[in-house]
Amino acid sequence: MEPWKIMQPSFAAKYVGYLVPALNNIGKQASPSVDRCIDTEKIVRYEINMALALSAEGFAWSHALKHKLRPNVDNHNHAGKSQSYLAHDDDHRNTIPVNHEPAAKKLKVDPKRSETEAAEEEEERLTYLRKLIPGGSGEMMVDDEILLSELGSYVSCLELQVNVLRSMLQFN
Amino acid sequence: MELNAGAGGNGSHKTASERDEVAALESLQFTDEIRRLMSAPGGDNASSFTALLELPAPQAVQLIQSPDSAKLIAAPAPAPAPNVDDFRGSFQFPFNCGLIDRAARFSVFAGDGNINGNNKSNSPEPTSYNSSASLQKPVKNEPAETESSQPLVSDPTVENRSIKRKDREKVKGSSKKSKTSAKESSEDAEKLPYVHVRARRGQATDSHSLAERARREKINARMKLLQDLVPGCSKISGTALVLDEIINHVQSLQRQVEFLSMRLAAVNPRIDFNLDSVFTAESGSLMDSNFSGMVIPMMWPEVQLNGNRQQYPQQLHLDAFQQPVSGREEVCNSYLTPENSLLSYDSSGNSASLHSNQLKMEL
Chain A
1 MEPWKIMQPS
11 FAAKYVGYLV
21 PALNNIGKQA
31 SPSVDRCIDT
41 EKIVRYEINM
51 ALALSAEGFA
61 WSHALKHKLR
71 PNVDNHNHAG
81 KSQSYLAHDD
91 DHRNTIPVNH
101 EPAAKKLKVD
111 PKRSETEAAE
121 EEEERLTYLR
131 KLIPGGSGEM
141 MVDDEILLSE
151 LGSYVSCLEL
161 QVNVLRSMLQ
171 FN
Chain B
1 MELNAGAGGN
11 GSHKTASERD
21 EVAALESLQF
31 TDEIRRLMSA
41 PGGDNASSFT
51 ALLELPAPQA
61 VQLIQSPDSA
71 KLIAAPAPAP
81 APNVDDFRGS
91 FQFPFNCGLI
101 DRAARFSVFA
111 GDGNINGNNK
121 SNSPEPTSYN
131 SSASLQKPVK
141 NEPAETESSQ
151 PLVSDPTVEN
161 RSIKRKDREK
171 VKGSSKKSKT
181 SAKESSEDAE
191 KLPYVHVRAR
201 RGQATDSHSL
211 AERARREKIN
221 ARMKLLQDLV
231 PGCSKISGTA
241 LVLDEIINHV
251 QSLQRQVEFL
261 SMRLAAVNPR
271 IDFNLDSVFT
281 AESGSLMDSN
291 FSGMVIPMMW
301 PEVQLNGNRQ
311 QYPQQLHLDA
321 FQQPVSGREE
331 VCNSYLTPEN
341 SLLSYDSSGN
351 SASLHSNQLK
361 MEL
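If you read the sequences in order, they're chains A and B. Each residue of the first sequence is one higher than the last, beginning at 1 in UniProt numbering. Each residue of the second sequence is one higher than the last, beginning at 1 in UniProt numbering.
So here's chain A without its partners, still in its complex pose (with noise of 0.2 angstroms):
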């Protein structure tokens, strides 16, 4: 069961293949506003996030996130997307004080609880997952098995992510 690890030195180089020239035109696209900062961290995020799409190509939520950057529409509009994609992270945000809450149920939750009060707190477990993941509202993910495989994948990619996003911060 090491298909992970194959897919793993693809993933980086797609990932950094793509973002670097990306970086690169942002960098080279100087026009000195002051706007500038903000919108270079939307295209940055942007960037990001569309080189995690197809960096790992082949599951639900990255075929997501590429629609959720650019819904198929052919206009690459970075200011658009990147709007959009900050609607997602704005989500990401208000979700984060909401973290606690699943947190502190579990904690009020009595140990000896029926099997089907473990079923409900799995299931609100699991739709708190759906916002987490791109797609995971979709059609795609109504299995909760698919989720399941999807949030592996998710997973390993965000952490790759996070670890050629540091490689790339520590040695430029």
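These are computed hints drawn from the structure, not numbers from a lab. Each residue gets a CB set at the ideal place from its N, CA and C atoms; glycine is no exception. It is possible that some hints are incorrect.
[What the hints assert, rightly or not] If you want the footprint, here are the derived chain B segments under chain A, 3+ residues with CB under 8 angstroms: (1) 213 to 220; (2) 231 to 241; (3) 248 to 257.
[Stated by the list, open to error] As a list, the in silico BS3-like pairs of lysine-lysine whose alpha-carbon atoms are at most 27 angstroms apart: (4) B:Lys235 with B:Lys218; (5) B:Lys218 with A:Lys131; (6) A:Lys131 with B:Lys224; (7) B:Lys224 with B:Lys235; (8) B:Lys235 with A:Lys131.
[Claimed, not checked] Part of the chain B face toward chain A, derived, beta carbon under 10 angstroms: (9) Leu225; (10) Asp244; (11) Ala265; (12) Ala266.
With chain A's structure known, arrange chain B on it following the hints.
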């Protein structure tokens, strides 16, 4: 005699009629011994029984030959102490199978602590008897039995108690039969964990629940993989908690990506990224990560489209790394350690596509 009276009062049972005859013969001889055993403190069952065995030979022989009277004696023996099994093991002499049967059944009875409570007092209360009876496996036969033997309860004799015990034994025997039938009919009356499991499995004969179980097992397998993937999850038991951990991990990773992207954006205008240095740095960091739990799904239809890829800026020398070769070959072997030699592709019809990485799910 009391014993006779007690025995006579229970004429409805055929065993009682048997007991009548036997008790009439030996009541006189055994009463003293029985009383002695009754009054024995919570001592050794074996010792009290072997003490009984020191009876004169004819009495012992009669003891052997009459299972009922032996039961009379065996009955008070559990009284002081609950465990008749000890006492059963001390049988040193041959006896007939009926005796073994009854002794065995008595041991089951004696396993119910309430019998002792019932027997210790010279005047057993009906309530205690009823409670002991009710604590045994509830079967419809029992209430009938208890009611019929209630008149006996007031008699403060061993014989009565033994008769009650016999009733209970009989009830128990029948209750066992009805229990097995109950097990088959309704699956709610189990007390033993084994029966619980069997009851649940009985439901699996339904095809729908079979599918449900299979699905459940698959989900559990995926959960295990996720547990391996997320650090610190392997010790946690319980799906909800594991999912909690996964949620936390995903959120922390997303936050890290956010943070790093901000840093990158801050750094970006000033620095020209050098690909080679990035790759060499990465080869070390990537191998450290734990990706063993990764499950790679079947290809998605979108992957077959070739159009989108070409829109992105790609440097020429990178294309070689990004296009999976059909068949099983290494990718990116020029600069990364070739430990991961095999790439498994679902090459059914899609290997021609340049940009599709179809990795098969292997479980």
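Against the structure, the hints come out as follows:
no.	hint	result
1	213 to 220	holds (count 3)
2	231 to 241	holds (count 4)
3	248 to 257	holds (count 9)
4	B:Lys235 with B:Lys218	holds (20 angstroms)
5	B:Lys218 with A:Lys131	holds (22 angstroms)
6	A:Lys131 with B:Lys224	holds (22 angstroms)
7	B:Lys224 with B:Lys235	holds (11 angstroms)
8	B:Lys235 with A:Lys131	holds (26 angstroms)
9	Leu225	holds (6 angstroms)
10	Asp244	holds (6 angstroms)
11	Ala265	holds (4 angstroms)
12	Ala266	holds (8 angstroms)
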